[in-house]
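Peer 1: Let chain U serve as the given structure and place chains A and G on it in line with the hints.
Protein chains in written order, with my numbering: chain U, 1 to 159; chain A, 1001 to 1616; chain G, 2001 to 2278.
The set of hints was computed from the structure by calculation and includes no laboratory data. Just so you know, even glycine gets a beta-carbon here, dropped at the ideal spot from N, CA and C. Honestly, I wouldn't trust all of these hints.
Said to hold, decoys possible - In silico BS3-like pairs for lysine-lysine, Cα to Cα no more than 25 Å straight-line:
{"no.": "1", "chain 1": "U", "residue 1": "Lys-152", "chain 2": "A", "residue 2": "Lys-1568"}
{"no.": "2", "chain 1": "A", "residue 1": "Lys-1595", "chain 2": "G", "residue 2": "Lys-2255"}
{"no.": "3", "chain 1": "U", "residue 1": "Lys-140", "chain 2": "A", "residue 2": "Lys-1564"}
{"no.": "4", "chain 1": "G", "residue 1": "Lys-2025", "chain 2": "U", "residue 2": "Lys-6"}
{"no.": "5", "chain 1": "U", "residue 1": "Lys-138", "chain 2": "A", "residue 2": "Lys-1592"}
{"no.": "6", "chain 1": "U", "residue 1": "Lys-136", "chain 2": "A", "residue 2": "Lys-1564"}
{"no.": "7", "chain 1": "U", "residue 1": "Lys-138", "chain 2": "A", "residue 2": "Lys-1564"}
{"no.": "8", "chain 1": "U", "residue 1": "Lys-134", "chain 2": "A", "residue 2": "Lys-1390"}
{"no.": "9", "chain 1": "A", "residue 1": "Lys-1568", "chain 2": "U", "residue 2": "Lys-63"}
{"no.": "10", "chain 1": "A", "residue 1": "Lys-1484", "chain 2": "U", "residue 2": "Lys-136"}
{"no.": "11", "chain 1": "A", "residue 1": "Lys-1484", "chain 2": "U", "residue 2": "Lys-138"}
{"no.": "12", "chain 1": "U", "residue 1": "Lys-153", "chain 2": "A", "residue 2": "Lys-1568"}
{"no.": "13", "chain 1": "A", "residue 1": "Lys-1484", "chain 2": "A", "residue 2": "Lys-1390"}
{"no.": "14", "chain 1": "U", "residue 1": "Lys-140", "chain 2": "A", "residue 2": "Lys-1565"}
{"no.": "15", "chain 1": "A", "residue 1": "Lys-1592", "chain 2": "G", "residue 2": "Lys-2252"}
{"no.": "16", "chain 1": "U", "residue 1": "Lys-32", "chain 2": "G", "residue 2": "Lys-2025"}
{"no.": "17", "chain 1": "A", "residue 1": "Lys-1592", "chain 2": "U", "residue 2": "Lys-136"}
{"no.": "18", "chain 1": "A", "residue 1": "Lys-1568", "chain 2": "U", "residue 2": "Lys-140"}
{"no.": "19", "chain 1": "A", "residue 1": "Lys-1595", "chain 2": "G", "residue 2": "Lys-2252"}
{"no.": "20", "chain 1": "A", "residue 1": "Lys-1564", "chain 2": "U", "residue 2": "Lys-152"}
{"no.": "21", "chain 1": "U", "residue 1": "Lys-152", "chain 2": "A", "residue 2": "Lys-1565"}
{"no.": "22", "chain 1": "U", "residue 1": "Lys-138", "chain 2": "A", "residue 2": "Lys-1568"}
Unchecked claim - Under 7 Å between C-beta atoms, here's a sample of chain G residues computed to sit facing chain U:
{"no.": "23", "residue": "Gln-2038"}
{"no.": "24", "residue": "Met-2052"}
{"no.": "25", "residue": "Arg-2205"}
{"no.": "26", "residue": "Arg-2247"}
To be verified - Distance ranges between label pairs, derived from CB positions:
{"no.": "27", "chain 1": "U", "residue 1": "Glu-120", "chain 2": "A", "residue 2": "Cys-1574", "range": "26 to 34 Å"}
{"no.": "28", "chain 1": "G", "residue 1": "Met-2002", "chain 2": "A", "residue 2": "Ala-1237", "range": "20 to 28 Å"}
{"no.": "29", "chain 1": "U", "residue 1": "Ile-132", "chain 2": "G", "residue 2": "Ile-2020", "range": "26 to 34 Å"}
Residue-level listing of the chains:
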Amino acid sequence: MSMRSKSPWILHYNTGGCNGCDIEILAALGPKYDIERFGMLNRGNPKQSDILLVTGPVTLKCKNVLRRLYLEMPEPKVVVAMGACTHGGGVFRHLYHVENGVNGIVPVDVWIPGCTPRIEAIIDGLIEGVEIWKGKTKEKEYLVGHGDDLLKKIGAIDD
Amino acid sequence: METLIVLSIVLPILAGFMMLFAKNDAVTYILSCLMLPLLSGMGFMIYTADLPIYINTPDIVNTFIIMFDFGLLAYFLWLGYQRKSLLVGLLAVVQFILLIIVVYMAPVSGTANIYVDKLTAMMYLLVGIVGVPIAIFAAKYMDYAEEDKHKFVGIVVGFLGVMNFAVSVNNIEWFFAVFETTTLASVILIGFRGDKEAVDNSTLALWMNQIGGVAILLSLILMIKDMGVYHFTDLLALDKENITMAAIGFLSIAALVKGAQLPFHKWLLGAMVAPTPVSAILHSATMVKIAPFLLLRLSPIIEGTLLSKMLILTTGFVFVVAAIFALTQDNLKKILAYSTISLLGLMMVAAAVGTPTAVAVSIVLIVFHGFAKGFLFVEAGVLEKLYNAKYIKDMNMLLTKAPLTMLFIFFAFLNMTFIPFGTFIGKWLMIEEASGFLSSGSFVLLILLVTTGGVFLSVLYIKVLGVAIKHHRFSTFDFTPMPKTFLFVGVWYYMWLLVITIFIAPFIANFIGEIAAPIAGKAPIYADGLSLVIGKSTLYFWQIAGALVLLLLIHAAPLFVKFKKVDKMHPYNCGEIYTRQAESYDFDFITKYEKRINSFAITLFLLVLILGGQLL
Amino acid sequence: MMAILFTLFAPIIGGFMYGIERVVKARMQSRIGPPLLQPFYDFVKLMEKRPMMVHSFHAFMGIVFFISTWFAMAVLMLGNDLLIAVFFHIISILALTIGAFSVRSSYSIMGAMRELIHLVSYEPVIILVVVAFYLVTGSFDYRMILSADTIPLLKLPLVFIALVGTIPMLLHKSPFDIAEAHQEIIGGPDIEYSGPFYEAVYTGRWIEYVYVFFLVFLFGGSNYFVGGLLVVFTFLLIMAIDNSTARLDYRKMLKFAWFILIPLAIVNIFFLALGGNS
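Same shape as in the complex, but just chain U:
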C-alpha cells in the first residue's frame, strides 16, 4: 500500500479558468519545486492517471467533458480541486456560462484554496490527496448525481 502512494500520476484539466493555476502547476514541475520528487507525473491521459487536478469554474461546455474524463480514470482515484474558481466559481461566479465550481459534478477529495494557490499549497494539497488515495480501493466511484440518465446523457453508456 505504501509503495503505491509513491507513484501518483496526475491528469490536469482546466475547465475554463484564467490559466493562472495552470502556470503555477507548470512551475511546480520545474526545478525549484519539482513534484516529480514524489513520483508525480503529468500524464495527460485519464486512463493512466490517479489524481484528477481540476482548475477553473467549469463552463457549461466543459461540464460533460469533465464527467467523461472522471469516468475514464480507473479506481482508486482522487479529485483535487484547485483554485477559487473550482470552489464556487471565483470571479466567474453567477455568470451565465459557468457551473459555479466542480462541487456538483464530480466528488472532490481535496480543495486547494487561493487565487491562485501558492505552489507550496499545491504540493500540500497533492500530498493530502495522496494520503486519501492510499486509503481507497478498487471499488467503483460514481459521479455526483449518478444514474443511468446521466450516463446516457453524457454518452458514456454506448461503448
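Peer 2: Just chains A and G now, with coordinates in the frame of chain U:
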C-alpha cells in the same frame, strides 16, 4: 515414369477441354476435384522417382509444336488487327520473322526435348497442391453472377497443364511455344469478362509478354549462331567461356517481363479486372513463377558474371519499389499484385545470386509465395463475392460478418513477412548469404535492398491488417457457414501452411535442399531435429514454436479472447462525445515519384541487356 | 547460465535503467527527480488499479506486446543469431500496432501509423549494424562478438554513430518521440491501455532498453570495460539529446534515417569490406 510425366501435362489439358465441351456442372466439379489427388499424387510420384529423366519425343511432336507456334502468332496478329493495336500486330510479325529464322537455322539435335529434374517435379507438386484448389474454387466462384462458368474453369485447368509443360521442356524453341501459350491463356483469362477495360488490359498483357517472346527468339538466334545449341541442358554443359552472354541476357529479359518486373508491371496489375481466380492462378503457382524458374535454370551460368550483378540491382530495386508503390493502393487485389511483383523481385535476386543457399532461398520463396498468394487471392475472391468488399476500407467492419475469412486473410498476410514463415526464412538466409560476400559492392547494396524491401512489405501488411481490424467492437461474431467449397479451399491452404511451418526445418533442409543441390551444389543448410541450422547460425525450434504461437495468438485473438471480469470503457477522445473516425496514411505523395522511378527502372532494364548481356 | 539469468531479469534491469534515466534527466534539468526505484513503484501502483479496457482484443495485444518483447530478448540472449533477434522484434511491433489500430481512437491509430514509420526508419540501420558485426567478427553470434580480439568500435565508428542516431527512434526519445508524442497524441499506441494492461506495455518498454543497449555493449567486443563505457556514454548522450531537443515530424525522421544514417553505415561497411580483402 515417362507416362506419368506426359499424363501430368496432358491430363489437365484434356480435362479442360472436356469441361469446355460438356458444359455440365457435375462434370466440371468432379473433374476439377479429381485433378487434386491426381496431379499432386503424380507430382509426388515423379518427385520420389529417380531424377532427372530425359524423354525423347518423336519428330512429329516437334513439327506439331512449330506449326502450333505459327498458328499462335497468326492468332496474335489477328488479335492485333481486331483490337486495332499496332504494337501487338507489329510484335507478332517480328516474332513471325524471327521464328522463321530460328526454324531455318536450328541444327538437328539429339538432346531430349523433355527434361524433368527435381525442380520440375517440385513445380508439378506446387501446381497440384496450390493450383488445383483454385480451379475448384473457381467452379464455385463463377456461380456468383458470372457467365461462361465451364469455359472459365476449363481454361484454368488447362492452364495448369500448360504450366506443367512449361517447367518440363528442355528445348528452348519449345519453351518459346509454351511461353506464348501462357501468354495466350493470360490474355483470354484477363479479357474474360469482355468489357472494355478487360479487353484493354488483356491487350496490354499481350504486347508486354510478346516482348518477352521476341527476347527469347533473339536469344535463340544468338545461341544457335554462336554455340549451336538450343537446349537448357546443352547450354549448362558448355564451358563458361564459350557462352555468349548476350543470349543469356535476352533470356533474362524474357524472365523479367514474364515476372512483371518494373517497368513491365502494368500487365499483372491489369489482371485484377478479371475474375479473382485468374489473379490467384497467375500469381500463385503458374505464369509469373515461370520467371524465377527460368532464372533458376540459368543460374549456374549467370552466377558471378556482370549479368548477375545487374540482375541483382534491377530486381532488388523492384523488390523495394514495388513494396513502396503498394503502400499507396487501397484496392486489395492491387496491393496483392504489387506485393507479388515485389516478392518476384526477391526470388529473382536470389536466383541471380546463384550460390547454393541463394538458389535454395529462391525455391523456398517460390513455394511459400505460391501458397500464401493463392490463399490470399482465394479469400479476396470470397470477400468480393460474399461480402462485396473490394477495397481495404470495406474490410473495416468485416470481422463481425466474416470472422473466418478475415482469420484466413490475417494468417496469409502473416505468412508473407513474419518470422518463422517461409518468406522470412528466405529474407533471413539471403541476408546471411550476402554477408559472406561483402567485398563485392553489389552485395552491400543487396543487403540494403533486401532489408528495406522487407521492412516496407512488413509495414504494408501491418497497415492492411490494421485497416482491416479498425473500428471494431468485437462483441458478436456471425458464423454463418460459407459455401463448403470456399471453406475447403481456405482450410486446405491454412493447414498446409501451418504444417509446413511447424516442420519448416526438415522441409527446407531436406526437401528444398535436395531440389537446390543439382542446380548449384549442396547448400550448407541442414535440420537438427526441428531446428534449422545454416552455417554457424541456428533457428532453434523453440524460437519457431514461440513465434508461431505468438502469431497464432495475435491472429486468432479477436475471436476467442474475452476478459469477462474487466469493465469496458469508451476510448479516450479528449472527453468529447462524438466518435472520430481516423483513416490510416495513404502515402499518396509516393505517386509523385512514380514517373521518375519508372524511368529509372527502364534504365536498369536496358543496363541488364547492355552491360549484363555484354552488348558493348 | 548468465544468458538465462540476464533474460529472466531483463525487465528488472530495464526498470533500473529507466529509473536511472529519470534521475539523470532530472539532474540534467537541475531537479532532484524521483527515487531510483520509481519505475517499480509505478509498476506496483498500476497492478493495484481497477482493470479497464476498450475491448478484450486490445487489452490482450498489450499483454502479447510484453510477451513478444521478452521473447525477442530471450532469442537475442539464448539464440546464436543476432539477425533472428532483430526480426523477432517486429512481432512485438505487430502486436502493438495491431492493438492500436483496433480501437476507435484517432490518437491510437495515428500513433500506430507513426510507429510503422519508426520501423521503416530504424530497421534497415539495425540490420546493417548486425551485418557490420558479421563483417568484423565473422559471426552473427553475440558470444563470438564478445570474445573477438578486436574492439568492433575501432573498425565501425560510423556504424556506431548510425546506431546512436537510431536509438532515439527505437526508444521513443526526443527528437524522435514521434509515435509516442506526449501531449500531442498522448502516448500514441499506448493511449488506451490502463491499469494492469498498461503495465504490460510499460514493462515491455523497459525490456526494449536492455535490448537496445545490449547492441551498444557489443561494440566493445571482448573488452567489456570499453563496452560498459560505451553504454554509459551513449546513455548520457541520449539523455542529453532528449533533454535539449524538440520533437521533429516524421518526414524529418525518415529523411535523417535514410539520407544520413544509412549512408553512414553503408560507407563504413563498404570501405571495411574493400579494405579487408585487398
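Peer 1: Going through the earlier hints one by one, which of them does the structure break, listed in rising order?
Peer 2: Hints 5, 8, 10, 11, 17, 25, 26 and 28 are the ones this structure does not satisfy, whereas the remaining hints hold.
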